[in-house]
Structure formats: C-alpha cells, structure tokens
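Using the hints provided, position chain R with the ligands relative to the given structure of chain U.
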Amino acid sequence: MTAEKILTRSFERPDSHTLDGYRASGGYQAWPKAQAMEPAAIVEEVKAANLRGLGGAGFPTGTKWSFIPKNHAGPVYLVINADEGEPGTFKDRYLLERDPHALIEGMLIAARAIRSATGFVYIRGEYVEPWRRFSAAVRDAYAAGYLGRGFDIVVHRGAGAYICGEETGLISSLEGKKGWPKLKPPFPAIKGAFGAPTIVNNVETICHVPHIINRGAAWFAGLGTKTQGGTRMYSVSGRVARPGVYEESVAITLRQLIYERAGGVTGNGRLKAVVPGGSSAAILTAAEIDVTMDVDGLRNAGTMAGSAGVIVMDETVSIPEALMVVARFYAHESCGQCTPCRESTGWIYKITHRIVEGRGRRADLDTILDVARRGAGTTICAFYDGAVGPYISYIEKFRSEFEALTEAAVAAAPRRVVVSHA
Amino acid sequence: MSGAGSISNRPPAAQAGLTDPATTNAATTNPATPTFSAEQLAEVRRLQALYPDARGALLPVLYIAQDTFGWISLEVEEYVAGLFGLSPAHVHEVVTFYTLYFRDRPGRHVISVCHNLSCHLAGAPSIIAHLKRRLGVEVGETTEDGRVTLLSVECLCACEAAPMMQVDDRYEMNLTSAKIDRLLDGLA
Ligand SMILES: Cc1cc2nc3c(=O)[nH]c(=O)nc-3n(C[C@H](O)[C@H](O)[C@H](O)COP(=O)(O)O)c2cc1C
Ligand code: SF4
Ligand code: FES
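Top line first, the protein sequences correspond to chains U and R. Under my numbering, residues 16 to 437 are what the first sequence spells out, in order. Under my numbering, residues -12 to 175 are what the second sequence spells out, in order.
Chain R on its own, in the form it takes in the complex:
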C-alpha cells in the first residue's frame, strides 16, 4: 500500500481517519525543515476535528509524518508540535514512549520477530539466530545496504501461528528457516 521506495512499515497514515487516503510517497531523506503538502495539512485539520480536543490527533499525525519523512527526527517533532500548538517537549515525550515511531532512519523493510512466550516455545530463539546469520546484523541493526532493519518484539498476538514475525505491515506466520529464506529473497 505504501508508495514505491517507502521505508515505512506502516500504510499511509492518511488512512487513520475514515475517508480514503491521499497517497503519500515516503521521502528517502528527512529534511531539515519538514513541511506537509496542502492536502496533508487539510488531512491534519480533518483529523484534529475528529477529537473533542485536537491533541487526540497527535498519534495519527505522527504516523503521517513518519510516512512522509521516513522517521521522526527532532525537527519533525518540532514541526508537528507547531501544528498542534504543543511544546516540542510534549511531542518528544510521546514519540519516545511508543515503539512504532522510528527516531532514526530504518531500513527499507522492518522485520519484527516476536520473542514472547508462545513464540519462544515454538523456537523463536533459533528463528532470530537464523535471521541474524542471513542478514549479518544484530537485533536492532540495519543491513549495510539499508535493506532490512531487524527487531525483536513482544507478543504480536498471533501466537496460534508461532513462531511468527511482522515484515513491514504483514504478519508472517508459522515460520521455518526455509520460509524465512524465501521471504528475504523477495524483499527489494
């Protein structure tokens, strides 16, 4: 769903509301002076009006920012704070609280392997070891070519299909080494 070359693991956040999204194309660099397009600004205002207090739209707007600029830098935090009349400190506090906002540039694809109990019982440690070997990175790192960031995460609530992981916005279930190899080969 994301535009070509997207580095986000989320679909366009313009969909966070109820209407059809304006297509966003993720940038590959995070500009020093981030700015939304006129349509995006209209979408921000629409989202803000959905909540009794405009601030309720902060999480959805941060998703738009991440899809547009690639990740949430301090400059992006400041820009978003300005759209809400909030202090940059408040936005920083929010961004750093949640795991799905990237504070640095992620790879073109993000792999999040579940390491919680049911996946652990189904062999998550060897799944993670296999991914580390294949990608040549540690958990938390991005491959040198910028293709994949590898993360390990808490329960993604698909334990019936353990071991499992999330690749960008898809759940990949009942993993085996062979299935992982196929998936990795398919990632641009």
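Here chain U stands alone, though its shape is the one from the complex:
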C-alpha cells in the first residue's frame, strides 16, 4: 500500500509553488487555526504527533521547541536548515521549489509556538533555482499579509560548505563567520544565533507542521511507528531503475522502498549494499534490508535514518572504490577545528586511494579501523562520527573485497633486495 501523499500532494501541479496553487491544495488553513491556539498547545500537539527532526539527528521536534527558556525576555530566532548537502539527499530541493509556501506556513506556526518574531532560512549557495522560488514565495506571502505582521523571514544564502548544515556551523555562518561548529552545551535553544535562544529545524520537518495542525496529532502519529509519526521523503539514487523522491510512511521497509517503489536494482540486477540515510550512515548488506526506515528501526540495525538518502549499489560496484569516494568527501569537508577529524579524514582518504590504485599495504585496513575508532566521539561536532560510520562499516562488512586488493598489491610489489653488510 502506498502512503497518502502529504508533503508531496501537490508536486504534480504546475502551479504548486504559487500562492494560488498552495491555497488550492488546502494551504494557509492551518495558520488561522494555530493563531487561535496558545503557543504551549501548539508545542504539545507537535509532541503528541511524534514528529521527529528530518534533517539528520531525528530529535523529537516538540521537545526541542520546549527547551526555549520560558521567561526569556529578548528575541528568539527560528532558523530553517535548507543547507541540504548530505550526499544522496535531495528532498529539501523539491520542497523549496515545489511547495515553498508550506515552509512559510510551517514557520509561522513554529514561530508562534516558540514566540519568535524573526526567522532565517539558510539555503545552500548552489541552490539558485530553489532560492529564487522560495524568495518569490516570501515576497508573495508579504504581499498577502501572512508575513510582516509579527513575523518576518530573512532568506540567507550559504556559500559552499557542507559543514554549514551542522546546526552550530550554520549559526556561525549566519553570523558572518566561517562555518565553524561550536561546542555544546550551550545548545542553540539556550544560546544560538546572535547569542539568542534559537531553534534550528530542517525544511521537511517544518513543512509537516501545517498538516499536523490541520488534521491533528493522532492522525499524524498513526501514519508511522510507535516512536515516530508521519511520512517522510526518501531520496533514492544509485543503481535503481527509478531514482527519485518517494514519500512513504516511516514504517516502510528498505526492501519495499528499493523493489516496490524505485523499481528494483539495475547494474547486474543483484543487490550488494545500500546506504540508508545519506553518506554518513553505516552501510547495509543485501541481507540487511528487511528493516523499517524509521529513526529507531535503523538505529537498531546499527545504522541511522539520517537524512533518508538511500544509495543503492549492485554487485558490480567496488566497495573499496565507493569508500574512497566517500572518504574524499569527508577529507574535503572537515572544517579543520578538531585534530582527530582534520588529520584522520585526510589520512584515511590517502589510504583508501592507494588501496584502490593497487598500492595498498597489508596493515592498511586495521590502520583505518584503529584511527576511526580512536577519534569517534572526541570531536566538537558529529561530522567526524558521520565519517567513522562508513569507514568502519564498509571495511567490516566487505573486508574480503578490500583484502583482495591489498593482497594483490603485496604480491605485485617488487621484492626488496637485502644487502648484507659483510
């Protein structure tokens, strides 16, 4: 059974990005309802809906909102993370281009819940068309009087840096600095953008909010599992027949997603491995795909739901080569603040590169595992843990493939001549 389309309900409408198109598909009906609710009641509704953050960490959204200090007198900011950069993920691009008013209406409601008068939307710099679409929607929402009456939106463009997707890196960047993540605590809800209490939420998370207000927490919670409500947008790419965005209940299994939605495996047609939640998620083997795609289901399977970017690999794909590509990414994107992250990402990329080039050494695999395990959990932000997930899982689950390369390299290496010093 295919889930009811909620976030993607109007994607086929050519005018879905316009104010009229949004209104015609039921838009801007939740906002008047929310205006009649106390902020605390909105927070409770979102809590009861079991909405969990869809940017990567899966944190319960209502609970996060309730961390804003109760009697805070100064400004509170709502920051939308539209810096989509996790390899394998492209859902927020669709939402910004095809349903920008859903984000605006969700922001109005979220802002009321946390008593914020200003929202910032941080859009990755490469997303020029999504940024144009969203900015046009903001202008229309001002003209229609939704914005500018107690709530303003500032659209901010990033300038190319994956780490600005990490919420405190994003805040640094929004403050006009390089995107260096900050040590937590203090958490952004206590001291965030410009020193004020700040809630950072993903685009998709906030796009769910109007529907929760319209149709109620119980309805939303009922769409998912016991610990996570709703649907979410799965980005499916790699070796599948029909790559694309699929909105499904979070209770769907990875097998269903690959075979019933994305049309099955291409290449030689036989599945070898899947990354289930963006490149930072640990890899799964073909035998491990009978898992539900909710936050807890994938956590129990030893990986993570992350950004729900599913990357499929058939049997012809070289896992060492895939790891090299992923390792290059982490080496390039480390912000360089923490020694374990800065040094290990570069080093591990070099090692994977030489393995793939046929110059690997016997000790290389254990060196990678050792370096990865030592650094995990020691850094300022979760970027490095996100790199360690692939390093360890690719090697542990496909070790023989790596060993075939290193053993061949050892066998091919010219024997060293031992000169005796008589």
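I should point out that these hints are in silico values taken from the structure, not numbers from a laboratory. Do not take every clue at face value.
Claimed, not checked - To list a few chain U residues with every Cβ distance to chain R over 10 Å, as calculated:
1. A56
2. R172
3. S250
4. G279
5. V306
6. V332
7. A337
8. D381
9. A397
10. E418
Said to hold, decoys possible - Covered by chain R, according to a simulated footprint, are these stretches of chain U (three or more residues, beta-carbon under 8 Å):
11. 117 to 130
12. 189 to 200
13. 322 to 331
Backbone N, C-alpha and C define an ideal beta-carbon position, used for all residues, glycine too.
Just chain R with the ligands now, with coordinates in the frame of chain U:
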C-alpha cells in the same frame, strides 16, 4: 539573469534579500580600488539592517562584490571589511572558507561536475574525462580563451539525476557525452 558578459556563476546578489534586485553588471577587471555604486551601498545598508548584528550580512555582501568585481581579490576583501568595520583578516578567513567565492578570475562560465557517490556510480569519472578532453584543461583550470573554468565538486544534491553538473547557476542533469557537447556548443 546576470548581466551580459557576466563572469559570475551567481545571479545578482542584490537579490539575497527580499526586494527586487538592482541590476548589476559584472566588471571584467577587478579594480585596484574597488567601490560600490550609491545604489549598491544602499543595498548593503539594507542587508546589514536585516540581521541583529550587521555582520550577518557579510556573506550576501560578498556575493554582491563578486558579481560586481568578478572575483574576490585582497583589495575587494579590504573594501568589504571597511563596509563592516571588520578586519581584512576576518573577511579573508571567511572568503577562503567557502567554495563559492572565487579568489582569482574565473572563466566566463563555470562548470562544476559532481564527483560524489551517486554520480560516481553513474559514471562521473568518464563525464569528467570527456569534459577535460573537450575543453583541453585539467580540473581547476580555465580554458585559454577564458570561456570555461572546470571544477569538480561534492554532492550537489540532485543525485536522482546522476551524473550531473552545475553550469553557472543551472543544474544540468542526466548527462551523456552528447548532451555535454550540446551544452558546450551553447556557451558563449
Ligand atoms: C555534519 C552534519 C551535517 C548536517 N547537515 C544537515 C543538512 O544539510 N540539513 C539539515 O537539515 N540538517 C543537517 N544536519 C543536522 C543539523 O545539525 C540539525 O540536527 C538539524 O538541522 C535539526 O533539524 P531537525 O531537528 O528538524 O532535523 C547536519 C548535521 C551534521 C553533524
Ligand atoms: S568534528 Fe570535524 S567538522 Fe566537526 S568541528 Fe571538528 S573538525 Fe570541524
Ligand atoms: S552525488 Fe552527484 S548530485 Fe549527489
């Protein structure tokens, strides 16, 4: 959207805020003493007022600078620093942190090919090889006639249409050699 002869791969950054942009025409040389027009200075002040701390407008203003002067030289960094009362060192730190600010003059068009995992699985290495052959440059270089700069970049988050690349401000998806040839022929 950019003015004729623009060498920027960004639309006019005057749009970074919420009002309609003043059209900017990218210069073809980066002047020794960069200066904004009166309208641009007004736009800078408008952007600065959008943030609780004016410094929040630094990234958008750097986009305006890049669109105006072509790239961000040390002189431009110093000029922008002056508009914010910041040290040139701070602005330099910011400019060098991000990949979308050019610190040298780019070609009239910038091609950024995605080399991350899904594009790699879809043949990105041969796409890059084809572009290098057609343009006669290595990745990171500009053609001798100044027409195209070729870059390879991390995931542009259009993996459903792999292999893909960004040409100036457009995403070009589901690439083949034939499609690339057509695109290159269309670049002035
Ligand atoms: C390295 C790194 C990159 C991240 N990139 C993104 C991103 O591109 N988009 C996003 O929404 N969240 C990203 N996150 C998660 C954010 O830090 C944050 O948890 C999220 O924006 C909160 O929103 P949510 O609770 O609605 O998911 C990233 C986290 C890390 C550690
Ligand atoms: S873990 Fe890596 S990306 Fe995160 S702050 Fe440290 S060096 Fe930067
Ligand atoms: S891997 Fe190329 S767009 Fe994502």
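Taking the hints in turn, this is what the structure says about them:
no.	hint	result
1	A56	holds, 29 Å
2	R172	violated, 6 Å
3	S250	violated, 7 Å
4	G279	holds, 16 Å
5	V306	holds, 21 Å
6	V332	violated, 6 Å
7	A337	violated, 6 Å
8	D381	holds, 24 Å
9	A397	holds, 18 Å
10	E418	holds, 22 Å
11	117 to 130	violated (count 0)
12	189 to 200	holds (count 6)
13	322 to 331	holds (count 3)
Hint violations for this structure: numbers 2, 3, 6, 7, 11, all remaining hints satisfied.
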